[in-house]
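Colleague: Residue numbers (this note's numbering), protein chains in the order written: chain A, 4 to 439; chain B, 293 to 457.
Among the clues, some could well be false.
Unchecked claim - Part of the chain A face toward chain B, derived, beta carbon under 8 Å: (1) G26; (2) V30; (3) A79; (4) Y93; (5) T124; (6) S143; (7) W156; (8) D203; (9) L205; (10) V336; (11) L349; (12) S385; (13) E388; (14) R401.
The set of hints was computed from the structure by calculation and includes no laboratory data. We put the CB at the ideal spot given by N, CA and C, even for glycine.
Take a look at the letters that make up each chain.
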Amino acid sequence: MIPAQTVAEKLLSRKAGTPLEAGEIAVCAVDLAVAHDGNRPQSIDILRELGGGGPWDPARVILVIDHAPTQPNLAAAAIHDGMRRFAREYGVEVLGPGEGVCHQIIPERGYASPGDLVLGTDSHTCTYGALNALGTGVGSSDLAAVFLTGTLWLKVPESIYVDLTGRFRPGVYAKDAILALASRLGADGATYAALEFHGDALAGLSVAGRMTMANMAVELGAKAGIFPCDEVLERWLAERRAAHPTAPVTPATPASAVSPDAGARYIDRLQLDLASLEPQVACPHNVDNVRPISDVVGTPIKEAVIGTCTNGRLEDLAVAAGVLAGRHIHPDVRLFVTPASRAIYLAALRAGIIEILLEAGAIINQPGCSACTGGSHVGVPSDGENVVTTANRNFKGRLGNPEANLFLASPATVAASALEGRIADCRQYMEVGASA
Amino acid sequence: MNTLGRAHRFGDDINTDYIISAKAKESRVNIADMVPYLMEDIRPGFASSLSPGDVIVAGRNFGCGSSREAAPAVIKGAGVGGVLAASFARIFYRNAANVGLPLLEFDTSAIPDGATIHVDFSTGVVRDTSTGRIWQAKPLPKFMLEICHEGGLVNYLKKHGRFVL
Ligand code: SF4
Chain A
4 MIPAQTVAEK LLSRKAGTPL EAGEIAVCAV DLAVAHDGNR PQSIDILREL
54 GGGGPWDPAR VILVIDHAPT QPNLAAAAIH DGMRRFAREY GVEVLGPGEG
104 VCHQIIPERG YASPGDLVLG TDSHTCTYGA LNALGTGVGS SDLAAVFLTG
154 TLWLKVPESI YVDLTGRFRP GVYAKDAILA LASRLGADGA TYAALEFHGD
204 ALAGLSVAGR MTMANMAVEL GAKAGIFPCD EVLERWLAER RAAHPTAPVT
254 PATPASAVSP DAGARYIDRL QLDLASLEPQ VACPHNVDNV RPISDVVGTP
304 IKEAVIGTCT NGRLEDLAVA AGVLAGRHIH PDVRLFVTPA SRAIYLAALR
354 AGIIEILLEA GAIINQPGCS ACTGGSHVGV PSDGENVVTT ANRNFKGRLG
404 NPEANLFLAS PATVAASALE GRIADCRQYM EVGASA
Chain B
293 MNTLGRAHRF GDDINTDYII SAKAKESRVN IADMVPYLME DIRPGFASSL
343 SPGDVIVAGR NFGCGSSREA APAVIKGAGV GGVLAASFAR IFYRNAANVG
393 LPLLEFDTSA IPDGATIHVD FSTGVVRDTS TGRIWQAKPL PKFMLEICHE
443 GGLVNYLKKH GRFVL
C-alpha cells in the first residue's frame, strides 16, 4: 500500500512513475526546463559538449534573457547572441530582453500549471510553487542533462507544513509574511525540505502574494514552496488561459492538481497568524536578520528599489503608487522601479500607475532583473549607502558594491521610505480602514 | 579522490554571491577569467593566496543563494581541492558534484585556519598532518560520488548517456 503522501512526494512520484517517499532518489520526467542569460557556463553550451543536438522536446524548453536586459557589455551580448542562435536552430522559444523576469513571464503566459515539475537554472524557480507546481533551481549541468534526457535525478524532499491563518492588517503584505517566516526558520531552517503552505488565510492571499512567498522559499534553504490549487488559483489560471489561448505547453486539468493525503508525514508544522504581523525588514547582510519595522524606522537611506521577481507585479506597483500618489520622493533618494514584465508595465501604464510613479520621481527600468544584482548594471549604490529594496537577497555586494547595505521590505515600506529618505512605516500613508 | 593543502576557514552562510558575484560573473563568459574574483567581496586577494590542493573549510549553509554553477566551478578553477563544511545549501551541493568539486559535510569547527590537511573524499577521512588529528565524515552519497569521480556530470553522461541509479 502507498503510504499517505505530501504534495512533493505525490508530485515527484507521478514524474518518476513509481511511489516515492521523502529521502528516496529517483529519475523524474521534467515538464518545463528554463535557462536564463545569467549563467556561466550556459546549459546550451554544455549540451553541445555532451554531443546533443537540440533539446529532448523543444516545446518544453524556454530561454529567457532577463538578467542583463540592457545588454550592458560584450559578454552579455555574446551570451544573448548564443541563446538566440540556439533557439533559432532548434525551434526553442527565447523571451527577452525586455519581456520581463523569467519567474513572472512563464506563469503569466500560462507555461506552468498545477502538478508540473519545473526546473530552471535560477534558484528562484521555486516561485512556481504558487501555481501548485514543484519548481526548483538547478545548475547549468543539471539543466543540460534535462535538455539531453528530459529527466533529472532528484531526491524527494521532506516537507514542512505551514498553516497560514488570519488576514493581513492594512500595510502588511505577503512580503512581510515570508520575512517573518525567514526570521522564524532562519536562512537554512528549511534546507532540503519543501514548504507546504495551507490554511484559512489562503482565501485572502492573491496568486501574486503567493508568488512572493514561494519565491523566497529558497532563502530559507527550501527546495520548493508549494501552495494548493484552490479557487483563487483556478480563477487566476482561467484568466491566463483566456489571455494566452495558444500558449500553455502543459494545460492544467483539475486532475493535475496535487493535494496532500490525510496522514501525510511532515518533519515540522508551524503556524503563522497573518493578522499578528506588522511590516518586517530584513537588515544587512542576511535574509534572516529580520526586525519589525518599529526597530528600524528612521534608518537613513539613499536608494530605494521596487521590482525583481519577488515584488515587481502589478499589485506591488499599485500599492507603491498608492503611497506615492500626489507626493514626491525625498531629494536625496533615487527610486528605481522595475515592472516584472512587459505585460505588467503596460497594465500599469494603462492604469495610470506609471504616471504616478514618474511624477513622484521614480526611474522606471527595463522589465527583467534590473536593479536586483550588480550584474544587471542598474542602480549600483555608492560606498556606505543604505538601500531599501523589495528584492529577495540582501547579501553584501549583491547590488554591485560590498560597501553598501541592503534592507529588504515590502513595496509599501520601500515607497514610504523613499518619501522620507529613511526607513519609514508605510501604515501612516494608508487610508484608515483600507484593506490590504 | 584526495587532496593535500592548507585549510582556509570561512564562517556560516557563505553565499554564492560571495563566492563569485553577479557583477564579476555577468561581464565575463569564461570561468577562468572569473577566478581572480573568488570571494572578492568578503576576502579580497583570496584567489592569489591559494596553492593547488588547498581546502575551503566553512560553517553552516555553505553555498546558499543562487543556482550559479560558476560558484563551484570558480572554486575548482582556483585550484581548491575540495570544500569541507558543517552543511551545504542544496543547489550548491549538486552543482559541486556536477563540476567535479568534492565536498564533505561534518562539524568542521576544530580544524585550525592554516592547518595543512589531507582529505580523502572517498572515505571521508580528514587528517591534520601536523597534529595527526583525524576527523571522520560521511562521504557524498554513492551516486553523487560517482558523478564527482568522473570529473563531473558531463563526463558521467558522456559515459552513461543517462542517469543510472
Ligand atoms: S530578479 Fe533578481 S532574484 Fe529574481 S531572477 Fe532576477 S536576479 Fe534572480
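Colleague: Each hint needs a verdict: does it hold in this structure or not?
Modeller: Here is how each hint holds up against the structure:
| no. | hint | result |
| --- | --- | --- |
| 1 | G26 | violated (11 Å) |
| 2 | V30 | holds (5 Å) |
| 3 | A79 | holds (6 Å) |
| 4 | Y93 | violated (18 Å) |
| 5 | T124 | holds (6 Å) |
| 6 | S143 | holds (4 Å) |
| 7 | W156 | holds (5 Å) |
| 8 | D203 | violated (31 Å) |
| 9 | L205 | violated (26 Å) |
| 10 | V336 | violated (23 Å) |
| 11 | L349 | violated (27 Å) |
| 12 | S385 | violated (14 Å) |
| 13 | E388 | violated (15 Å) |
| 14 | R401 | holds (5 Å) |
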